[in-house]
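Engineer: Taking our numbering, I'd label the letters of the sequence shown as residues 1 to 142.
Treat the hints with caution; some may be incorrect.
As the list claims (entries may be wrong) - Here are the simulated BS3-like cross-link-like pairs (lysine-lysine), alpha carbons at most 25 Å apart as the crow flies:
hint, residue 1, residue 2
1, Lys9, Lys50
2, Lys50, Lys125
3, Lys125, Lys73
Stated by the list, open to error - Taking CB as the label site, the calculated pair distances span:
hint, residue 1, residue 2, range
4, Ala17, Ala127, 15 to 25 Å
5, Thr60, Gly99, 30 to 40 Å
6, Gly99, Ala17, 28 to 38 Å
7, Gly96, Val14, 35 to 45 Å
8, Gly89, Gly117, 17 to 27 Å
To be clear, the hints were calculated from the coordinates, so they are not data collected in a lab.
Think of the CB as a built atom: it goes at the ideal place given N, C-alpha and C, for glycine as much as any other residue.
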Amino acid sequence: MSEKASKYKLSPEVARAQVDVLLDHYDFEVEDLPEAQQAVLDSCIARLVKAVRMGRLQITKSDTGVKVVQTLKRATDSNGGIEYAELTGKARAAMGPIGDNEYVKIYRLLGSLSGLGEAGITMLKGADISVAESLGFIFLQV
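Use the sequences and the hints to build the structure in full.
Structural biologist: Structure, rendered in structure tokens:
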């Protein structure tokens, strides 16, 4: 098995099905967005699929809603992963005023959903922040 293939724990189809659980839960269709946004969202979805394949993102649905857990590549003793709650109006309100930078909104939103606050999300680095931003960008659109 090649080194590249061995880093993946799931097939592309199984990983995409997990991401589709999230998209379906929020009745989200990329095709419903303006063309300019579709390419960005397709890229975010591809990033999430890759993270799921690598075992760094788990998306599950239960009777109580959808659960998203990000396992950090750069885990610390105090934080090996982040669990994001289901999107709520309260979390959206935490994004702040219209006109703020989209990344600031994403960090505030994910901070609210995870209970880590904006500061906790902004401490992520590399692949961890990339996965979080992709997830946040999806949440901004739903």
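Engineer: Against the structure shown, which of the earlier numbered hints fail to hold, in ascending order?
Structural biologist: none
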